[in-house]
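Peer 1: Residue numbers (this note's numbering), protein chains in the order written: chain X, 1 to 226; chain Z, 1 to 440.
Some clues are possibly wrong.
As the list claims (entries may be wrong) - As a list, the in silico BS3-like pairs of lysine-lysine whose alpha-carbon atoms are at most 25 Å apart:
#1 X:K101 to Z:K223
#2 Z:K92 to X:K101
#3 Z:K315 to Z:K272
#4 Z:K320 to Z:K354
#5 Z:K251 to Z:K272
#6 X:K101 to Z:K272
#7 X:K211 to X:K171
#8 X:K101 to Z:K373
#9 X:K200 to X:K171
These aren't lab readings, by the way, just hints derived from the structure by calculation.
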Amino acid sequence: MRMLIVEDEARLRLQLAQHFSEAGWVVDEAADGTEALYMGTEHPYDIALVDVGLPGISGIEVVQQWRQQGSVFPVLILTARGDWQDKVEGLEAGADDYVTKPFHLAEVQARINALHRRAAGLATSLVAFGPISIDLAARTVRLDGDALELTTFEYNTLEYLVTRAGSVVSKTELTEHLYDQDFDRDSNVIEVFIGRLRKKIDPSNTLKPIKTVRGAGYRFVLEGDA
Amino acid sequence: MRRITASLAGRLLLASLLILPLFLGLVGFNLDRSYRLGVETALEQRLQLHVLTLLAEAEYNESLWFPEQLLEPRLNQPDSGLYAYVTDPDAKLLWSSGSAITLEYFPERRNLATGSSSFVRRDNLFDYTYRVVWQTETGLEAHLLFTVLEYAGPLEAELAVYRQSLATGLGGVTLLLILCQGLLLLWGLQPLRGLSRDIDAIEYGTSESLEGDYPTEVQALTKSLNTLIAGERLRRERVRNTLGDLAHSLKTPLAVLRSGDSSHDGFEAMVKEQTILMSQIVDYQLQRAVGGSHRLLGLVSVTPVVERLRESLLKVYANKSLLIDVAVSEAAVFRGDERDLMEVMGNLMDNACKYGSQHVRIGATGGGTAPLKFWVEDDGEGIHPKMRAVIIGRGMRADTRHLGQGIGLAVAVDIVASYQGSLMIDDSPLGGALISVELP
Numbered sequence: 001m002r003m004l005i006v007e008d009e010a011r012l013r014l015q016l017a018q019h020f021s022e023a024g025w026v027v028d029e030a031a032d033g034t035e036a037l038y039m040g041t042e043h044p045y046d047i048a049l050v051d052v053g054l055p056g057i058s059g060i061e062v063v064q065q066w067r068q069q070g071s072v073f074p075v076l077i078l079t080a081r082g083d084w085q086d087k088v089e090g091l092e093a094g095a096d097d098y099v100t101k102p103f104h105l106a107e108v109q110a111r112i113n114a115l116h117r118r119a120a121g122l123a124t125s126l127v128a129f130g131p132i133s134i135d136l137a138a139r140t141v142r143l144d145g146d147a148l149e150l151t152t153f154e155y156n157t158l159e160y161l162v163t164r165a166g167s168v169v170s171k172t173e174l175t176e177h178l179y180d181q182d183f184d185r186d187s188n189v190i191e192v193f194i195g196r197l198r199k200k201i202d203p204s205n206t207l208k209p210i211k212t213v214r215g216a217g218y219r220f221v222l223e224g225d226a
Numbered sequence: 001m002r003r004i005t006a007s008l009a010g011r012l013l014l015a016s017l018l019i020l021p022l023f024l025g026l027v028g029f030n031l032d033r034s035y036r037l038g039v040e041t042a043l044e045q046r047l048q049l050h051v052l053t054l055l056a057e058a059e060y061n062e063s064l065w066f067p068e069q070l071l072e073p074r075l076n077q078p079d080s081g082l083y084a085y086v087t088d089p090d091a092k093l094l095w096s097s098g099s100a101i102t103l104e105y106f107p108e109r110r111n112l113a114t115g116s117s118s119f120v121r122r123d124n125l126f127d128y129t130y131r132v133v134w135q136t137e138t139g140l141e142a143h144l145l146f147t148v149l150e151y152a153g154p155l156e157a158e159l160a161v162y163r164q165s166l167a168t169g170l171g172g173v174t175l176l177l178i179l180c181q182g183l184l185l186l187w188g189l190q191p192l193r194g195l196s197r198d199i200d201a202i203e204y205g206t207s208e209s210l211e212g213d214y215p216t217e218v219q220a221l222t223k224s225l226n227t228l229i230a231g232e233r234l235r236r237e238r239v240r241n242t243l244g245d246l247a248h249s250l251k252t253p254l255a256v257l258r259s260g261d262s263s264h265d266g267f268e269a270m271v272k273e274q275t276i277l278m279s280q281i282v283d284y285q286l287q288r289a290v291g292g293s294h295r296l297l298g299l300v301s302v303t304p305v306v307e308r309l310r311e312s313l314l315k316v317y318a319n320k321s322l323l324i325d326v327a328v329s330e331a332a333v334f335r336g337d338e339r340d341l342m343e344v345m346g347n348l349m350d351n352a353c354k355y356g357s358q359h360v361r362i363g364a365t366g367g368g369t370a371p372l373k374f375w376v377e378d379d380g381e382g383i384h385p386k387m388r389a390v391i392i393g394r395g396m397r398a399d400t401r402h403l404g405q406g407i408g409l410a411v412a413v414d415i416v417a418s419y420q421g422s423l424m425i426d427d428s429p430l431g432g433a434l435i436s437v438e439l440p
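Only chain Z is shown next, with the shape it has when bound in the complex (with noise of 0.2 Å):
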């Protein structure tokens, strides 16, 4: 069952043979009980056409009368099947047809209005009765019930004939239902077969991304993996690119290391400053293996970011009673991986608190499918412009980069990067650095 249910055709023609069965039972339920009622209804009719023969050929002077051969031939012919009886209203029987020779009929009292009948089945008959008053030449009125009855064999079998005939309908349906549910979930999922296919591909490497011509309902999911996909080959290669910069900026400290003269005076120093440098060039290329490409990740509300930010930097720089303003817009949501916003936004802020006096501005509008822009100030002394192309290291490699102006504003301009945004350095209004980003 549980092989079954794991699958999505498994399931669907599972619930088919389920709920189909029940669904057609109920239907021949219903047309059955349907004809039964329409059968029944066409017997009481033609019965109460016999009562009103009977009354028009019957006589009543001094005591009621029929003619020897009844209109009605079936009447007249013993165990015929269709009988009639006249009787008054305590029972008493005052005449029968010649068809109940052999019919052992025992009348009932019954309680019927003049003018009224009532058609019951009794065991194996049906029974219609219709009360009249007959008013005699003398003056004299007689109650008489008169009683048709007609054997119910004959409706039975028609019966039966249709229930057979309904059953092997329904049935018939019941299967070329399920057949064709079968059918068109082969039909209705090859396209996620296809997938499956095309997924496999990848894994196997024979494939690079989805690219088949997949049905509306799945393009979003198959977009999705796409991208997450083309996000994870460009995190395997920023990782490696990392790897690779570590490796390589490493061997120059190294190198001077392992060439210096331990006997020199200024060895110790020497050492001292070359591990500094291993140090910043570790720290820098670990904070950017841990911006990501994770575009699939959603939408980030920026002022939760910020807000935590500000009430850690605020008791990190509890010292210098700083004044953090954030005018970032509700709506500002930034599309990607929340630990990349946290380290860009971080590492702004903490460069602004530090090295601002008393005043730092944050800001952020847009974001979604607008571009998201956000900018961090200060009241510091600022960035000297010759600095600013140096700290950005437009056209330099990653590790070549001077670590010296700061590791978490490298970091920033890497992640941006990596989003295709771009960070920009100006002269903010409070006098010292405005550092802006924006993002696609």
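Same shape as in the complex, but just chain X (with noise of 0.2 Å):
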């Protein structure tokens, strides 16, 4: 999963990258408006995090272009001043939740997961595709009650793939959402993870819940329990 970190305090944007990263997200950052409208228009993020009060153009400004330019990713704008009015004016220029500050990072976290719950239309972070589990907000995978050991890379694609499923996803958008934008896009790893995923999630391969579209991309095909 991709994310955008957009803050102009050095220290606060290195903060929230570091946690971030730590909790599996591929963090772009940007450091003023300027650059976050350029990154938020040429890179196909999942999320934005974005400081209101950003030198030259403001965060708001930024979203209102973000959203007038057509980009539809979740945004969580970051407030230093807790008045309504502003918080209105964050959400109508197109944000999609606050969070004043200071804040913790656990709520930020929180609402993170939430924003991207919501973009993917599931009501809960617990998904459940027959005997195949996910916590999106723990980050945890199930396999018949067992948790299994998958690293950030297998969990990023298969929470990737799981937020689409029934649709056809390209590795080049695997690749875009999974990795930083420095990454090698020729790579041919993607594969790898996804057989390695596939034996992971499917050790008996009876159930088949990735499929090879060929020439297009992947599907996860497996319906989702009620």
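Using the supplied hints, reconstruct the complex from the two chains, each of which is provided in its own coordinate frame.
Peer 2: Laid out in structure tokens, this is it:
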């Protein structure tokens, strides 16, 4: 999952980036509005965390311009001023939620998870596909109730496919969402992850949850439990 | 010029100086024209009378005949300024008066119908001509033109005297009017100068408000200024109090931190707890400081504020699938700062969305001259009666208020109190809390 963090205060930006990297997100950073505008329109992010009080182009203007240019990824705004006028202006500009400073990283994490889940059209963080159950908040996967040991990339690959269950996801799209902007796009590492993932979540090779669509990509084919 | 137009008195005086001479000039022109027309009409009538007298004196048998001495003496006296001629229609001179001996007069052909007359000015002479048909005793008809001329000099002199008198009179009136205008401006603008002095007095700190006996036209302005001044004073006081409260309330957790033993097991937890408390205190005091007392800012319609908040909260609480019913009267208005209304409504609606299960209801009535009443209710667990007094903080100092129950509601209570309003917590028919606010 790929996230853009827009914060001018270097120390806070680093803290957020470290936290979300450790939580398994692929994180890109922008220190001002101009850079954020460019990155937000150039890369397909899954979510963005934007500070309102940026120098030059404000965070609210950045979100507004992203929306005008058709970006639909969820945006969480960080605001130092907690008054409702500012919150409403941010939400009206196109943000989906807000967190006021100072904040606990756990709170930001929870909001990010909720937004991400909402964007995927899931009501809860726990989703099940037959014997496979995934906790999107805890980032854990169980098979018949037993916890599976997945690497961060394997989990991210699975989560990306699961949140788009039924749709074909190309290798390029997966690469863009699972790796940062400096990643070598020609690598066939995605195929390796998919192979390992299939063995872990379907060791008996009976479920066949991830189907390869030749020339197009992959598709998670299991239907979610109601 | 800019200095003159920058002042009200200067503008009015400049306008008078431009308009009055123009106006009085037009009056003078019309008076002169009317007078001239009157004088010329009188002259025409006089000349007509002379012609009629000549007709009475004339005789025509074989030829035209006049007595040696005419009834009008000026016609007998050479160069008297009044002259008479008789010509035929072909401008052939048949007779001239004794006064016309030295006058060089060349009759002209003119197309006049029998019995009609003409009155024209030729150079410096006024010319009145009357055409008649004379029937002689032998039965012949003679067409004759009787002309009387009068020198224009005396009439021009009379007009010149009149014009001079008129110019003097109108000039005097203009000066008098401008003088009066100046005096009127001095007198009329005196209250504004007084107001300016009173505002200076407030600026220098020798007065606290505008208390003069101002004219009714500026009373609305002075009232608004007094409200603004009072509002600013209250705001300053509020900020000062907020800073005092902030400093005071931060000292307790700071003291706890300073006196904490870092080698103790619970030190880290204690630091975390105290920093959370300090953060809450800063949030609370900052939000209190946002609220103002700007009664001057006019009327704010409640509906758009509630609708904006509703849309925003539906976004924030999208995962709860909330039903937010709004029954706000279109006429409901808030007298004050829009940010204050947004802050109170935002906090109340946010709490309702946060603690409600699925249903939130917002209503408002009144405003303007009637008190504004609004309420926010939800279908959550509600607020226990014992907690209500604690949340409202009745009788408690703001900085000692328990913040754990939600900064939002405490801020709403503070802002409502700053408008001399009241906030009540009750049970909602929906099952949760019903928070109602009444503002005078």
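Peer 1: Next, verify each hint and record whether it holds.
Peer 2: Okay, the hints, checked on the actual structure:
1. Annotation: proposed proximity of X:K101 to Z:K223 is violated, straight-line Cα distance about 41 Å (limit 25 Å).
2. With a C-alpha separation of about 118 Å, the suggested pair Z:K92 and X:K101 falls outside the 25 Å cut-off, and the hint is violated.
3. A hinted pair counts as satisfied when its Cα atoms are at most 25 Å apart, and Z:K315 with Z:K272 does not qualify at roughly 31 Å.
4. Proposed proximity of Z:K320 and Z:K354 is supported: the alpha carbons are some 9 Å apart, at most 25 Å.
5. The suggested pairing of Z:K251 with Z:K272 holds, with an alpha-carbon distance near 16 Å, which does not exceed 25 Å.
6. For the proposed pair X:K101 and Z:K272, the alpha carbon gap of about 16 Å is at most 25 Å, so the pair holds.
7. Among the hinted pairs, X:K211 with X:K171 is consistent with the structure: their alpha-carbon atoms are about 13 Å apart, no more than 25 Å.
8. At most 25 Å may separate the alpha-carbon atoms for a hinted pair to count; X:K101 and Z:K373 exceed this at roughly 33 Å.
9. Taking the CA atoms of X:K200 and X:K171, the gap is about 20 Å. The hint holds against a cut of 25 Å.
Checked against the numbered hints listed earlier, the structure breaks hints 1, 2, 3, 8; every other hint is satisfied.
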